[in-house]
Amino acid sequence: DVKVTQSSRYLVKRTGEKVFLECVQDMDHENMFWYRQDPGLGLRLIYFSYDVKMKEKGDIPEGYSVSREKKERFSLILESASTNQTSMYLCASSSGTPSEQYFGPGTRLTVT
Amino acid sequence: QQPVQSPQAVILREGEDAVINCSSSKALYSVHWYRQKHGEAPVFLMILLKGGEQKGHDKISASFNEKKQQSSLYLTASQLSYSGTYFCGTPSSQGGSEKLVFGKGTKLTVNP
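First to last, the sequence lines map onto chains Z and W. The numbering used here puts the first residue of the first sequence at 19, with every later residue one more than the last. The numbering used here puts the first residue of the second sequence at 0, with every later residue one more than the last.
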């Protein structure tokens, strides 16, 4: 079974802090994704990576950056957290196009 | 362009049928369906491809009308386990893309 894990289920940070969200997949997938999920808005893509060190912006990249130094790991970085970044963050991975995406359990981030 | 899902919510009794619709303002190459149960990660249901090919779930059926740029998910003889929020996703660029744009979701509640 494909497994996508995220470093924390719940995270509380203060405004202005630098925040790292980590995602690891164990199926050698080339594609990895970071989504943000807010009530009534669905899943919105923040960033996408199709290979090591390669990335593309999604629909809402402002205030975020990403890092993919190894194929299995994709990190989402909030350089200076703000309260409007309080949300559920979901990581996913896939292989090929079109193909199913496998989602991690999510990190609920609260910025106070 | 975010696909539009309808209805936003539906409540059924066990054994009843439901149809969830997904429509787009642009030509579609594929439509992807996911279900998310409360407190869990989204789980892949199926992909419908231009030309009629379908990949995914055995017990849930769906249609894809390329001319109308619409897809419908058919949940027949619903079970309690069908409860959750259903999302459709469409490629963010023509010709297919790993990047999907998801609708806002349809919340399905199945009661005993």
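A portion of the hints provided could be inaccurate.
[Said to hold, decoys possible] Facing chain Z, a subset of chain W residues (Cβ under 10 Å, in silico):
no. : residue
1   : R12
2   : D16
3   : V18
4   : K25
5   : S29
6   : L44
7   : L79
8   : Y81
9   : G102
10  : G104
[Said to hold, decoys possible] Okay, the calculated bits of chain Z under chain W, using three or more residues with CB under 8 Å as the criterion:
no. : segment
11  : 36 to 46
12  : 61 to 67
13  : 93 to 99
[Said to hold, decoys possible] Using C-beta positions, here's what the derived DEER-type ranges look like:
no. : chain 1 : residue 1 : chain 2 : residue 2 : range
14  : Z       : T130      : W       : S80       : 32 to 38 Å
15  : Z       : I78       : W       : Q7        : 20 to 26 Å
16  : W       : I59       : Z       : S25       : 41 to 47 Å
17  : W       : Q7        : Z       : E40       : 30 to 36 Å
18  : Z       : D44       : W       : A8        : 32 to 38 Å
19  : Z       : S113      : W       : S60       : 22 to 28 Å
None of these hints come from the bench; they were simulated from the model. Think of the CB as a built atom: it goes at the ideal place given N, C-alpha and C, for glycine as much as any other residue.
Structure-based check of each hint:
1. R12: Where the cut-off is 10 Å and the nearest Cβ of chain Z is about 26 Å from R12 of chain W, the hint is violated.
2. D16: violated, 24 Å
3. V18: violated, 19 Å
4. K25: For K25 of chain W, the interface hint is violated, since the closest Cβ of chain Z sits about 15 Å away, which is over 10 Å.
5. S29: Holds, about 5 Å.
6. L44: Holds, because the Cβ-Cβ distance from L44 of chain W to chain Z comes to roughly 9 Å (cut-off 10 Å).
7. L79: violated, 22 Å
8. Y81: Not OK, violated: Y81 of chain W not within 10 Å of chain Z, min 19 Å.
9. G102: holds, 6 Å
10. G104: The hint holds - G104 of chain W has a Cβ within 10 Å of chain Z, the shortest such distance being about 5 Å.
11. 36 to 46: violated (count 0)
12. 61 to 67: Held - the segment 61 to 67 of chain Z has 4 residues with a Cβ nearer than 8 Å to chain W, which meets the minimum of three.
13. 93 to 99: The restraint on the segment 93 to 99 of chain Z is violated, since only 0 of its residues have a Cβ under 8 Å from chain W and three are required.
14. Z:T130 / W:S80: 32 to 38 Å: holds, 37 Å
15. Z:I78 / W:Q7: 20 to 26 Å: holds, 22 Å
16. W:I59 / Z:S25: 41 to 47 Å: The hint (41 to 47 Å, Cβ to Cβ) is violated, given that I59 of chain W and S25 of chain Z are roughly 33 Å apart.
17. W:Q7 / Z:E40: 30 to 36 Å: holds, 34 Å
18. Z:D44 / W:A8: 32 to 38 Å: holds, 36 Å
19. Z:S113 / W:S60: 22 to 28 Å: Taking Cβ atoms as reference, S113 of chain Z and S60 of chain W lie about 26 Å apart, which means the hint holds.
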